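K.L.:
Residue-level listing of the chains:
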Amino acid sequence: MRTIGAIIRKEFLQVFRDKAMIRIIFLVPVIQLIVLVNAANMDMNNISLGIVDRDMSPTSQKIINKLQASGYFILKDFETTSAIAIKKMERDKTDIIVQIPKDFEKDIYKGNNPRISVTVNAINSLKAGIASSYAVNILTDYAKELSANFQATANQNNISYFDITYSNWFNPRLDYKTLMLPGILALLITLIGILLSALNIVREKEIGTIEQLNVTPIGRFQFIAGKLLPFWILGLVLLTIGLLVSKLLYDLPIVGSLLLLYGVVSIYLFAVLGFGFLISTISETQSQAMFVTMFFLFTFILMSGLFTAISNMPVWAQKIDIINPTAYLVSIIRLVLLKGSTLSDIKPQVTAIIIFAFLTNALAIWRYHKTS
Amino acid sequence: MNTIIADKLTKRFGDFTAVDNITFEVGKGEIFGFLGANGAGKTTAMRMLCGLLGPTSGKATVAGFDVYKQSEKIKRNIGYMSQKFSLYNDLTVKENIEFYGTVYGLTRLQIKEKTTKLLERLQMISEKNKFVKDLPLGWKQKISFSVAILHEPKIVFLDEPTGGVDPITRRQFWELIYETADEGTTVFVTTHYMDEAEYCNRVSIMVDGRIDALGSPQYLKQKYNATSMDEVFYMLARETATK
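Sequences listed follow chains X and Y, in order.
Just so you know, our numbering puts 282 at position 285 of the first sequence, and the rest follows in order with no gaps.
Just so you know, our numbering puts 1116 at position 165 of the second sequence, and the rest follows in order with no gaps.
Simulated from the structure, these hints should not be mistaken for lab results.
Incorrect hints may have been included.
[Said to hold, decoys possible] Over the 10 Å line for every Cβ pair with chain Y, so calculated as not near, a few chain X residues:
1) Gly68
2) Arg112
3) Asn118
4) Ala222
5) Leu240
6) Pro311
7) Lys344
8) Thr348
9) Leu360
[Unchecked claim] With a straight-line Cα cutoff of 25 Å, these simulated PhoX-like cross-link-like pairs (lysine-lysine) come out:
10) Y/Lys1010 / X/Lys16
11) X/Lys336 / X/Lys174
12) Y/Lys1045 / Y/Lys1079
13) Y/Lys1105 / X/Lys367
14) X/Lys84 / X/Lys99
15) X/Lys202 / Y/Lys1081
16) X/Lys141 / X/Lys99
17) X/Lys367 / Y/Lys1035
18) Y/Lys1063 / Y/Lys1079
19) X/Lys63 / X/Lys141
20) Y/Lys1091 / X/Lys202
21) Y/Lys1081 / Y/Lys1091
22) Y/Lys1068 / Y/Lys1020
23) Y/Lys1091 / Y/Lys1105
24) X/Lys16 / Y/Lys1084
25) Y/Lys1045 / X/Lys202
26) X/Lys16 / X/Lys59
27) X/Lys367 / Y/Lys1024
28) X/Lys90 / X/Lys141
29) X/Lys16 / X/Lys202
30) Y/Lys1084 / X/Lys202
31) Y/Lys1079 / X/Lys16
32) X/Lys367 / Y/Lys1079
33) Y/Lys1035 / X/Lys202
34) X/Lys107 / X/Lys73
35) X/Lys16 / Y/Lys1081
36) Y/Lys959 / X/Lys367
37) Y/Lys1091 / Y/Lys1035
38) Y/Lys1081 / X/Lys367
39) X/Lys16 / Y/Lys1172
40) X/Lys73 / X/Lys84
Fair warning: this is a prediction, and the values are worked out from it, not measured in the lab.
Here a beta-carbon is modelled for each residue, glycine too, at the ideal position from N, C-alpha and C.
Given the sequences, and given the hints that come with them, work out the whole structure.
P.N.:
Put into structure tokens, the structure is as follows:
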């Protein structure tokens, strides 16, 4: 026990003397929470709109007004022929073109079902999807409104309408930040956890002090435990800072139990720290360790379900995600913070993290040899 | 009783034989010099004896323990000062001593007493709270050595302890070695300074992984009809080159 205590003391002394380390641990999360949460926003409100109005009727004017009034679009281009409008899109002046055909208004009153065409620049498929769905929604609404008026005047009451109402649970205002924040917290914990531990032992290898430790009677378990606990504590401090920033800056809803959240993150930290140590046992230099860490970090993060839904991934990718601890954590933090899930709701994810923590640490202790 | 016994100890890395069938014994309280050119296999041999590296074949016991099966027991009984720097630069002298003392199972009181004694001996009381990185190399080496023998090991292994150190500090360093040996600790020291070989009770000279000569400096000088260990070393090296 005293040996573990001595190692912990030494690690803390070293961490707090390393000014760069202090900045990494305390400043980086705050900056990332401020920058990433705002930058990774997928709400769209500045879509450049191009209009081709070949009808020039009060009805077409009304459609244009509706689109502009929605707040999503900014009218950037107004033409009477489509050729010029398309040229403008090619030059990236517009993201979406709405074309209103000739005799549009007349056709409506004749009952000819005229067509409005919507053309989207789909280089960024995500943006394109969102832009076109906004436009189509607005146009459909207006079409409904028109035909309702039309029927009222024609006195045809035999067709009934139904309207769909919906509400968004657990994120009622569809706030993108509410979705991103818990995920970004998960990322920060993963990043700091793996990086700190991976670099730590390798650093001792580079300086040569590891050799000195290896001729002492320090046991393998004592060694890993002594190295792990300081970073485990730092990880929990980081979580606390992250939660405070999220609450103060973004008023993040905390519906579930904080105790449960800390419990899960504690286990998760053991998993990622163990993983970092595993990396350090197979690396000889800090740059090697850094590259291996980056490879796994990017994979874990991009497949974590933070930026893209896991259910949208191909089946093989979903299978790979079974061994992605970050995916479990992102899901758990969201469930606990936003939905108020209890331990029994998140049992599968927690079990997976426990298994992961056990495996990585067992492997790290097994891989760490005092004798080569 | 001999504290180190090596019998046909061998280490191969693939096709390369770093240590080739070395056999020797070192007695209690002896200062045993392990000489050889760079790359002769000194460090590899020493690492095997310390339990840092598993031998390929041969036998060896250190402080009565087998290097294959009891390397952890060996570690309790030896001190080791590696070629690479072994103290933490970002800890103070005192913190380094405390850390290694605790790791070797000394009590807080023992550590306190030993720290004072050690610093007095090195005349470095005022440097106690300085960071190791701020000390000159020679001082660091002396502290490294003192830390390596803090737990009063039966044997202390020193891997080129005086590399890059000025002659005066080297002299002081050897005085520390003598004091330690007088207290009954066996000192196993590698070096490529041939003048230092003269300070040892016995020396072995390694060439290409083999021990080509073994005995007291007087004996070796007589045997090779040389006036200094330097000459002995050159003669051995030439012998190998003309083989």
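K.L.:
Determine for every hint whether it applies to the structure shown.
P.N.:
Each hint tested on the structure:
1. Taking the minimum C-beta to C-beta distance to chain Y, about 56 Å, the non-interface status of X/Gly68 holds against the 10 Å cut.
2. No beta-carbon of chain Y is positioned within 10 Å of the beta-carbon of X/Arg112; the least distance is around 73 Å.
3. Interface exclusion of X/Asn118 from chain Y stands, the closest Cβ pair being 55 Å apart, more than 10 Å.
4. The Cβ of X/Ala222 sits about 14 Å from the closest Cβ of chain Y, beyond the 10 Å cut-off, so the non-interface label holds.
5. The non-interface label for X/Leu240 is consistent with chain Y: the shortest C-beta to C-beta separation is roughly 31 Å, beyond 10 Å.
6. Distance to chain Y confirms X/Pro311 as a non-interface residue, since its nearest Cβ pair spans about 44 Å, more than 10 Å.
7. The non-interface label for X/Lys344 is consistent with chain Y: the shortest C-beta to C-beta separation is roughly 41 Å, beyond 10 Å.
8. Once the 10 Å rule is applied to beta carbons, X/Thr348 is consistent with being away from chain Y; the minimum gap is 36 Å.
9. Listed as a non-interface residue, X/Leu360 keeps its Cβ farther than 10 Å from every Cβ of chain Y; the least gap is roughly 21 Å.
10. Of the pairs offered as hints, the one joining Y/Lys1010 and X/Lys16 is violated, with about 49 Å between alpha carbons and a cut-off of 25 Å exceeded.
11. Pair hint X/Lys336 plus X/Lys174 holds up; C-alpha atoms about 15 Å apart against a cutoff of 25 Å.
12. For the hint pairing Y/Lys1045 with Y/Lys1079, the CA-to-CA distance comes to about 5 Å; that is within 25 Å, so the pair holds.
13. Between Y/Lys1105 and X/Lys367 the CA atoms are separated by roughly 21 Å; this keeps the pair inside 25 Å, and the hint holds.
14. Taken as a hint, the X/Lys84 and X/Lys99 pair is honoured in the structure, with Cα atoms around 20 Å apart against an allowance of 25 Å.
15. A hinted pair counts as satisfied when its Cα atoms are at most 25 Å apart, and X/Lys202 with Y/Lys1081 qualifies at roughly 24 Å.
16. The hinted pair formed by X/Lys141 and X/Lys99 meets the criterion: a straight-line CA distance of about 21 Å does not exceed 25 Å.
17. Between X/Lys367 and Y/Lys1035 the CA atoms are separated by roughly 17 Å; this keeps the pair inside 25 Å, and the hint holds.
18. Taking the CA atoms of Y/Lys1063 and Y/Lys1079, the gap is near 12 Å; set against the 25 Å cutoff, the hint holds.
19. Between X/Lys63 and X/Lys141 the CA atoms are separated by roughly 13 Å; this keeps the pair inside 25 Å, and the hint holds.
20. Between Y/Lys1091 and X/Lys202, the direct Cα distance comes to roughly 19 Å. Compliance with the 25 Å bound is thereby established for this hinted pair.
21. Straight-line distance between C-alpha atoms of Y/Lys1081 and Y/Lys1091 comes to about 11 Å, which keeps the hinted pair within the 25 Å bound.
22. Proximity of Y/Lys1068 to Y/Lys1020 is assessed by CA-CA distance (about 36 Å); at most 25 Å being required, the pair is judged violated.
23. Only pairs whose Cα atoms come within 25 Å are accepted, and Y/Lys1091 paired with Y/Lys1105 is accepted, the gap being roughly 23 Å.
24. Simply put, X/Lys16 and Y/Lys1084 have alpha-carbon atoms about 16 Å apart, close enough for the 25 Å limit, and the pair holds.
25. Taken as a hint, the Y/Lys1045 and X/Lys202 pair is honoured in the structure, with Cα atoms around 23 Å apart against an allowance of 25 Å.
26. Restraint check for X/Lys16 and X/Lys59: the C-alpha separation of about 62 Å exceeds 25 Å, so the hint is violated.
27. This hinted pair checks out: X/Lys367 and Y/Lys1024 have alpha carbons roughly 13 Å apart, not beyond 25 Å.
28. Taken as a hint, the X/Lys90 and X/Lys141 pair is broken in the structure, with Cα atoms around 31 Å apart against an allowance of 25 Å.
29. About 21 Å separates the Cα atoms of X/Lys16 and X/Lys202, which keeps this hinted pair within 25 Å; it holds.
30. Between Y/Lys1084 and X/Lys202, the direct Cα distance comes to roughly 18 Å. Compliance with the 25 Å bound is thereby established for this hinted pair.
31. Distance hint between Y/Lys1079 and X/Lys16 is fulfilled; the C-alpha atoms sit about 23 Å from each other, no more than 25 Å.
32. Taken as a hint, the X/Lys367 and Y/Lys1079 pair is broken in the structure, with Cα atoms around 30 Å apart against an allowance of 25 Å.
33. Simply put, Y/Lys1035 and X/Lys202 have alpha-carbon atoms about 10 Å apart, close enough for the 25 Å limit, and the pair holds.
34. As the CA atoms of X/Lys107 and X/Lys73 are separated by approximately 32 Å, the hinted pair breaks the 25 Å bound.
35. Of the pairs offered as hints, the one joining X/Lys16 and Y/Lys1081 holds, with about 18 Å between alpha carbons and a cut-off of 25 Å not exceeded.
36. Using a Cα cut-off of 25 Å, the hinted pair Y/Lys959 and X/Lys367 holds, with the two alpha carbons roughly 24 Å apart.
37. For the given pair, Y/Lys1091 sits about 12 Å from Y/Lys1035 by alpha-carbon distance, which is consistent with the 25 Å threshold.
38. A hinted pair counts as satisfied when its Cα atoms are at most 25 Å apart, and Y/Lys1081 with X/Lys367 does not qualify at roughly 30 Å.
39. Annotation: proposed proximity of X/Lys16 to Y/Lys1172 is violated, straight-line Cα distance about 56 Å (limit 25 Å).
40. Of the supplied pair hints, the one linking X/Lys73 and X/Lys84 holds, its CA atoms being roughly 13 Å apart against a limit of 25 Å.
Hints 10, 22, 26, 28, 32, 34, 38 and 39 from the earlier list are contradicted by this structure; the remaining hints agree with it.
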